[in-house]
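With the hints as constraints, model all of the structure from the sequences given.
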Amino acid sequence: MENISMRENSKRHVYCESESVTESATKDRKRRHLCHYFFTQCLNYFRRSPLQQKRKALVNKSGQYSIDYRGRKPIFFIKDIYLTLLDLQWRWAILAFFIMYFTVFIFFTLAWFAVCWINGDFIHLGDPSYEPCVKGMTSFVGLLLFSIETQTSIGYGFVHPNTSCAGSLVILFFQITVGLIADTFLLTYIVSKFFRPSKRAKTIRFSENAVICQEDGILCLQVRIGDLRGKSLQSVSAHGVLVLESITDEGSVYPLYQNKLSFTVDCMQGDICLLWPVLLTHQITESSPFWTSGPLDLEKERFEIIIFLEGFIETTGELCQARTSYCQNEIFWGYRFQQILQFHESIKRWCVNFKDFDKIIETPVPEMSAKHITAICTGKDVLENPHFSTSFPGEFSEQNLKVFESMSVMSSPGNQARTYAETQDLGNQPEIHERRFSI
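Position in the sequence shown counted from 1, then plus 2, gives you the working numbering.
What the hints contain is simulated information worked out from the structure, not anything from laboratory work.
Some hints here could point you the wrong way.
Calculated pairs, DSBU-like style, for lysine-lysine (alpha carbon to alpha carbon, straight line, at most 30 Å) [stated by the list, open to error]:
no., residue 1, residue 2
1, Lys-204, Lys-361
2, Lys-204, Lys-233
3, Lys-262, Lys-201
4, Lys-195, Lys-58
5, Lys-58, Lys-350
Values in this document were obtained by computation on a predicted structure and should not be read as measured data.
If you want it as C-alpha cells, here you go:
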C-alpha cells in the first residue's frame, strides 16, 4: 500500500511539474507572438506607402495620389527645400531638424577647437597664468557643451569665452546669428505644417460610394458631400474628372485620358452652400461621357472618377482643396442616398444625422443607358430595333410601350449585370452586341 501511495504521489508530482512547464511554455509563446506582432507593426508603420493598398486607384479615399514618380532628379527638390520639408512626414521632418542642429553644433565646436588650437590653449592646459580663448575648457566634449550653451543662450557656467581673444568674439557672433536663424526657421516650419490648408480638408466628408438614379426623368450620377465643421468653406466649387483609356483613330493609346465632368447642387450653377450635406449631381445628357453607358458597361470598363472640392477657409482666407475618387465597382446603379435632414419640432432646428451619411436605398431605374431611355421616351428609332414602331415623334404606340416595359427591368442588388438582350422577351430579335464605353 505504501508503494502504491508513493507511486501516486510521484505521478501527481510529475503531472504538476508538466502542468507548470506547459503553462510557462504557453506564456513564453504568447510573449514571443506579442513581440513579433509589435515588431511587425512597427516595421509596417515605417515602411508603409500609399501604393501599398488594396484599392487600386489614382487617388485614394483620403485624397492622396497613388502614383509612383520615377526618373526624377533630386536637385529640383533641393532648390525648393522649404516645400520639400513641408511635404515630409513628421517623423522624417523631426529627424531632419535633429540632424540640422547636430550639424550646426558640431561645426561651431570644430570652429572653437580650431581657435583654441591656433591660440595654443591645449599646450598650456593646467597653467594658471595663461589666459585661453575659452576659459575652463579641457576637452573636445567640453567645447561641444560650450557650443550648445552659446547657441541656445542658456547662460555660461564655469566654461566661458575670453574677451581678450579676438577670434572668440567673431565665432560667438556668427554662432548666435546662425542659431537665431535656425530657431526662426524651425518655428515658422512648425506653424506652417500645423496650419496647412490641407488639414482643413480632413473635415470635408465624401460618401463612400456614388449612385446613379433618376431625377425628374433624367439619369444622374450623385455623390454626397458634407462639412463636419460649423463654419463652412466660402466660395465652394466642385468639378470632376473621368479618367479612362482612350484610343484615337490613328491608333494612339492614352491610358489616362481625362474627360470633364460637371457637377451641380440642386439649381445652384455657381458657388455651393455647405451649411448642410448636399448632393453633387452630374446629369447624364448628350454631353456626358456616360450618355451611351448602361450598368453592364460601367462594370466592365476600367475607369475612375476624381472629384475636386475647392473653397476658401473663413478664418485664414487660404484656399483649401478636398478630393476623392470612385472606381467602377463603387458606383451603384439604381440606388439613391438616404435622407439625413430632419426638422425637430422640440428644438425648432434642422438636424443632420451623419451616421446615415453613406447609406443608400434602392430605387427603380431602368437598366439601360440614358441614350436608350431618351430614345424610347421620344419615340426615336435609334436602337435599330424592328420591334419599334414610331407613329409620331414624342408619342408612344402600344407596341413601343410593350417593348419599353420589357426593357425597363428595375435594378436590384442581384440583378445589376443583366444585359439589354437578356431583358427582352420578343423572340427572333437581332443580336445586341456589347457596347464599348466611349466618350
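Comparing the hints with the structure gives:
Between Lys-204 and Lys-361 the CA atoms are separated by roughly 20 Å; this keeps the pair inside 30 Å, and the hint holds. Between Lys-204 and Lys-233 the CA atoms are separated by roughly 14 Å; this keeps the pair inside 30 Å, and the hint holds. Using a Cα cut-off of 30 Å, the hinted pair Lys-262 and Lys-201 holds, with the two alpha carbons roughly 27 Å apart. Straight-line distance between C-alpha atoms of Lys-195 and Lys-58 comes to about 29 Å, which keeps the hinted pair within the 30 Å bound.
For a cut-off of 30 Å, the pair hint linking Lys-58 to Lys-350 is broken: about 45 Å separates their Cα positions.
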